[in-house]
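Enquirer: Take a look at the letters that make up each chain.
Protein chains: 2
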Amino acid sequence: MKYEDNFHTMKENSILFDEIIEEKKTIGYYNLVYQDTIEFKNYAKGVKQSNIVIIGIGGSTLGTYAIYDFLKNSNKFEKKLIFLETTDPLDIKAKLNNIKLEDSLFIVISKSGTTIETLAIFKYIHTLITIDKSNCLIITENDSKLNNYAKVHKIKTFDIPKNVGGRFSVFSAVGLVPLAIIGVDIDALLDGTKEVYNSFFKKEELYSRILKKARFFTEYKYKFNINIIFSYSSMLEGFNKWYIQLWGESLGKIDSNDIEQGLTPLGLIGPIDQHSFLQLIIDGKKDKTITFIKVDDFKSDLTIPNITLAKLEEIDYINQIPFSELINFQADATIKAISDIKKIPYDVIHIKGISENSIAKLMYEYELLTSICAKLLHINAYDQPGVESGKIILKNKLMDMER
Amino acid sequence: MKYEDNFHTMKENSILFDEIIEEKKTIGYYNLVYQDTIEFKNYAKGVKQSNIVIIGIGGSTLGTYAIYDFLKNSNKFEKKLIFLETTDPLDIKAKLNNIKLEDSLFIVISKSGTTIETLAIFKYIHTLITIDKSNCLIITENDSKLNNYAKVHKIKTFDIPKNVGGRFSVFSAVGLVPLAIIGVDIDALLDGTKEVYNSFFKKEELYSRILKKARFFTEYKYKFNINIIFSYSSMLEGFNKWYIQLWGESLGKIDSNDIEQGLTPLGLIGPIDQHSFLQLIIDGKKDKTITFIKVDDFKSDLTIPNITLAKLEEIDYINQIPFSELINFQADATIKAISDIKKIPYDVIHIKGISENSIAKLMYEYELLTSICAKLLHINAYDQPGVESGKIILKNKLMDMER
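Protein chains in written order, with our numbering: chain A, 149 to 551; chain B, 149 to 551.
No wet-lab data here; the hints were simulated from the structure. You may find that some hints are simply not true.
Remember, identical chains collapse to one label, so a pair may be satisfied in a single copy or spanning two.
What the hints assert, rightly or not - Quick list of in silico lysine to any residue cross-link-like pairs, SDA-like style, CA-CA up to 20 Å: (1) K433 to I374; (2) K539 to I492; (3) K228 to K241; (4) K433 to Y370; (5) K371 to E408; (6) K369 to D435; (7) K434 to P533; (8) K484 to P533; (9) K490 to E536.
One chain only, chain A, in its complex shape:
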């Protein structure tokens, strides 16, 4: 009896782990945790401008924004971050109208160095102000055409390592340099990633947790094709957006069995979305997993006062509750409602306080989770063949135009 097959099937954990160790030799983001940041910090110290304008799109901005969005309400940054990340003309105009161009540093970020949105906006900036080494920084691959442009004009550059993909680049110069400039403690960020890295690679708590979650998500991918992150803090909206890119673009692929794969990411903010999307989760089709994110310590004493409003005496039961507790009670009530239904898989991540450490841990955990899910789905997490076709159509169209 002869037998052949072309099946690729899920590996057991030990083999999977060996493959990740092997992958770590060529995929760069894993090892960013141990990089030296002295050059970034020295550059950051010398920046005099108040407005830090990042020109970039997708992986060049989303991670930086996620960290900035998380920290901006509790840190007093002396500089302002502005993101020019779309070709929408009214958006560009509104953002530039708000700042003094003479007091701005323009950071152009593009891995390939030829991203047309980024270069279009950069060209436009040239019509408003003289661009030179005094007000420009370029972050790109070390041999890109944008890097060559920088050399001609003696503009300072930082490299994006070739083996670090855009959506996994937040802990490279892409994120660390702009964040260092505005005053984020980038070593504390990396310390956070190290904690996760060590726990995972020493097969401690995060190893079990990430593997179990990845196995659940991939084993039940046909039943639960939507993975929701339900963040109980408005400061995690940027994180939600970053997650959507990371998850969607890494896992939406044709696998080695030639089957279309893809887990759909979705981001919600509590308590706001309790008043909307929760209805679909509770009574709708049970095709979603939910990951709740709770902030354990907001370090805020903002409290509902002990005040009675005439005719509204019945709601005095909320009096004297700190808002930081109320929002977590709301999260707990939603979790309880969902767990009572039983058919909705969920997990809860608690993050400790609003700090560099906590957001970095969360993001690095999600990067690892994405890599493991990709292995279990038999896909390459790090390419994006599907977005190329549109780029070629656009380029051909623009090149054919008469002007």
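Once you have looked at the hints, place chain B on chain A.
Expert: Then chain B, alone, in the frame of chain A:
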């Protein structure tokens, strides 16, 4: 031979239309298009404050924000809208730190009048500034406890009609009053809704279009359980959020055959999400429909200059293209890439310019589409039984606490 069944099945268009006509007698949002706005405009004229602070959550804010977000870059509003819509203490603090409270009007919006997030924030505001009829407006049902509070303090109120649900209330006082105050032409908004209303109820273009789309979405609900809106303008991000609530909360229900229904809404912004989520659409599981929204006229002459950057000569093909054309070319290229694949159902809505008329038409069309889909899914679009369980759990927990 005897036979019985308990099937509820899709009706043909003429019967469906008759049911909508019947529903229009009791469901209030349909008829908001012909309301008198004189009282709203008169009140708006008298408002002297510069900061208009809306305290509300979910349906009380999302529609207003959608319209404001769409118009704010091209209109010069003399007043600022601020939304306090979460219990996140750092969000509340950051927003209030940014404004002069003495120059603020506080608009408390709650249909039931007992939304705890809204009342918690309102109570907190009392500790910062004296609240009275000079700096407060209340929008609620005419017999709610919040309305009674207003009467005691002689605070001006506007009614939310009982038969207009929160997520369908943007064209009632909920949206029109704050928007009128900052200078939005609310009659132009209603004119937009009238165009859609007439086209639909006279069985003209929008009748066929909405019915066809609703039938497609519901007939293929098991194959395509995710409905994406891909908006090619950053100014439609608020619209996307409003759509997510409208769609998710209206259609996520147990139907009259006792089956869990639910089409999952998802909002994307082009060209940004071309650099991320598009990969999942193209190569991932084909479980999504896409509705592209294109703005036909941005009324902007912002243009990529005729500048050559040293070593980047190869991208000179983008020179002299107006950004308003570039963003639409990008949309077209994405649409072409998706249509080439063939397995992804999509439609394209063109909106004419950045105006009250165009956003109102888009929103009213989506309200009608939601109502028709609900009929075809044999569900009630206007209730939200699923979100009540969490509210009860929370209330019990808070009432049991010792303080």
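Enquirer: Each hint needs a verdict: does it hold in this structure or not?
Expert: Hints, verified against the model:
1. In this assembly of identical chains, K433 and I374 lie within 20 Å of each other by CA distance both inside one copy and across copies; the values are 11 Å within and 11 Å between.
2. For a Cα distance limit of 20 Å, the shortest separation of K539 from I492 across copies, 18 Å, qualifies, whereas the shortest one inside one copy, 39 Å, does not.
3. With identical chains, the CA atoms of K228 and K241 are at most 20 Å apart both within one copy (17 Å) and between copies (19 Å).
4. For the homomeric pair K433 and Y370, the shortest alpha-carbon distances inside one copy (13 Å) and between copies (10 Å) are both at most 20 Å.
5. Proximity of K371 to E408 under the C-alpha cut-off of 20 Å is found in both arrangements, the shortest distances being 15 Å within a copy and 14 Å between copies.
6. For a Cα distance limit of 20 Å, the shortest separation of K369 from D435 qualifies both inside one copy, at 9 Å, and across copies, at 12 Å.
7. When the C-alpha separation of K434 and P533 is checked against a cutoff of 20 Å, the pair qualifies only between copies, where the shortest distance is 16 Å, while the shortest distance within a copy is 31 Å.
8. Proximity of K484 to P533 under the C-alpha cut-off of 20 Å is restricted to the inter-copy arrangement: shortest distance 16 Å between copies versus 41 Å within a copy.
9. Taking CA atoms no more than 20 Å apart as the test, K490 paired with E536 passes between copies only; the shortest distance there is 17 Å, against 42 Å inside one copy.
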